[in-house]
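Peer 1: When we follow this note's numbering, the leftmost residue of the sequence shown carries the number 4, and every step to the right adds one.
Keep in mind that the hints were calculated from the coordinates and are not lab data.
All of these numbers come straight from a predicted model, not from anything done at the bench.
Glycine is no exception: its CB is placed at the ideal position from the N, C-alpha and C atoms.
Honestly, I wouldn't trust all of these hints.
Computed Cβ-Cβ distance ranges for the label pairs, DEER-style [said to hold, decoys possible]:
(1) Thr272 with Val429: 51 to 57 angstroms
(2) Gly366 with Arg540: 49 to 55 angstroms
(3) Leu236 with Ala443: 53 to 59 angstroms
(4) Ala428 with Ala235: 34 to 40 angstroms
(5) Ser56 with Pro375: 20 to 26 angstroms
(6) Trp30 with Ser56: 29 to 35 angstroms
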Amino acid sequence: MEEDLDERGLPAAAAPPPARRRRPDLWALTSYLTLGVLVLIQLWIDPAGRVLSHNDDDHGFFAFAMAHGERVLFHGANPLFSDRMNVPGGVNMMANTSELALSVPMAPVTHWLGVGVTVVLLLTLGLAGTAFAWYWVLSRHLVESRRAAWIGGLWCGFAPTMVSHANGHINFVSQFVVPFIVWQVLRLREPGRAVRGGVVLGLLIVLQVFINEEVLLFTALTLGAFVIAYAALAWSEVRGYWRRFLAGLGVAGITALVPLAYPLWFQFTGPQSYSGQPFEPGKFVTDLLSLGAYARQSLAGNAAIARELSVSPTEENTFYGVPLLVLLVVSLVLVWRNLAARAAAIAGLVLLIMSMGPELRVGGYDTGIPLPFALIAHVPVIDLVSVTRFAMVTTTIIGLLLALAADRVPALTRRRQTAFWVGLAVAIVPVLPKPLPVVAADPLPPFIAQQMWRDYVSDERTLVTVPLPEVTTGRAGMRWFALSGLDYRVPRGYFMGPADPPLNNTGSWNAAPRRTSDLLRIAGAYGRMPVVTVADRMAAKNDLSYWRAAVVVLVPGTPHHDLLEKTLTDLLGKAPQQVGGVQLWDVRDIVRPSG
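Make a model of the complete structure from these sequences and hints.
Peer 2: Below you can see the structure in the form of structure tokens.
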């Protein structure tokens, strides 16, 4: 009589009960969530009253994006375009990292608990969800040991690059769809998977587009490098299934194109679309020495060193530490017979070299040594990304190699097992994350918090905060706007749009220049009282009309407050009123909103 076997080929009696099989999964999820909360704990304490100190610009933008998602669900707003910011031009949300696949489902949280809670919740779930997604795919398909899968998930979700981007970049920490995209691509080689697998892959691509297109581009480039490397290493094997693999990719492309055709058309040709970035493709690159250093948010991190070797606190995309690099070599030796592991290592190396830009940078200095990226620096789409972010792919591949190596450890001698686990601890512990730093934000003035602005600002008009919202300036006004749920409209703002349409459609972080915004920005930044001329007063009237202004509000406590107050009084020809904790100039009687 034949013995019954379970789905893994084990005797049915030997199969652990379902509850026991799920226990490691629950433990993994709990541990990742706990670590995610610890990383964001200082923001969790007061989500609406604190901002991430390393990146309050992007913190403000993503708060705006989450508030836009709430307006889509509760007010029927256009998901692809916002007319609430940058009046009268608006903001092309598809051409920005609007994360509609996150902001719209989270709209009830934003509506009832506030945009601050949504931001910190998504950052936490992004880190933990990415870690658990990789754990799930690893444990079900790539390794046998749940411990090995947990190690791989821990690195993929909480590596220095992920913690660095948790300083406000919800889009880059929310990579929980990527493991399933990777696995579905790999499964296309199986017989009978071309249609079914292609459809599933296409739907996952659509979902990832509405989370972050840049991560999808990185994933596609990595899979392309992996497939080429694997085919070169094992062409005799690949020759037997490459046709059905390509057929599956074709099905996925068609499946994704149908729902994405209009949004992508809108992104690249719709209102407020742009081309290129406001910087050269090779400006932000990976420094070679950053591979062996520690990030500022790692336990062993040194802020001064990390500052010299990174683009910014949110772009520390390598910073592995020397012990991890040594362990990586050991891991490669352990898995070298695995062709897929070798191909993955090659793909990771290719993306790492791409992240270094057109010429090698060492210790903050450009060496002049040319690198391959110079050949593709101006290729469309490639020129839309920050080059150093290609190293995020290398970081993920390191996590997969660590998991595969840990899965091989039980086959080693007892002494070598001990050496591996000690080496892993020495490599991993120094890069474990510290809580992200925050700063207290000024409380909303009653004029905003108690909605006193409604007595002045109709839906057709705007509320102009000074300093005007721009990149690195006017953050308070941007925060007021987001926390209010975008209930009123504002001119300008921090977003990506054309620099000066229609003359210059290159991407810019600022709205098109206006004489009044430039005058106020320079006065506030440098503390120099401008000599206001008749031409300046006429320009202010024209600009306020262009912005459809109802009131101009000076942000309390802003640098050079008294100077800005005098400048605005001179420009507008009237003294401010004290209303709800702010100084405001009612300009409804001196400007007319343009059409």
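Peer 1: Please check whether Trp30 and Ser56 have a Cβ separation lying inside 29 to 35 angstroms.
Peer 2: Holds - the Cβ-Cβ distance for Trp30 and Ser56, about 33 angstroms, lies within 29 to 35 angstroms.
Peer 1: State, for the Cβ atoms of Thr272 and Val429, whether the hinted interval 51 to 57 angstroms holds or is violated.
Peer 2: Distance hint for Thr272, Val429 holds at roughly 53 angstroms.
Peer 1: A range of 34 to 40 angstroms was offered for this pair. Does it hold for the Cβ distance of Ala428 and Ala235?
Peer 2: About 36 angstroms separates the Cβ atoms of Ala428 and Ala235, which means 34 to 40 angstroms holds.
Peer 1: May I ask you to test the hint 53 to 59 angstroms on the CB atoms belonging to Leu236 and Ala443?
Peer 2: holds, 55 angstroms
Peer 1: Just to be sure I understand the hint, the distance between the Cβ atoms of Ser56 and Pro375 should be within 20 to 26 angstroms; is that true here?
Peer 2: With Cβ atoms ~37 angstroms apart, the hint is violated.
Peer 1: Between Gly366 and Arg540, is the Cβ distance one that fits in 49 to 55 angstroms?
Peer 2: Given a distance of about 51 angstroms, which is inside 49 to 55 angstroms, the answer is holds.
In summary, the one numbered hint that this structure violates is 5.
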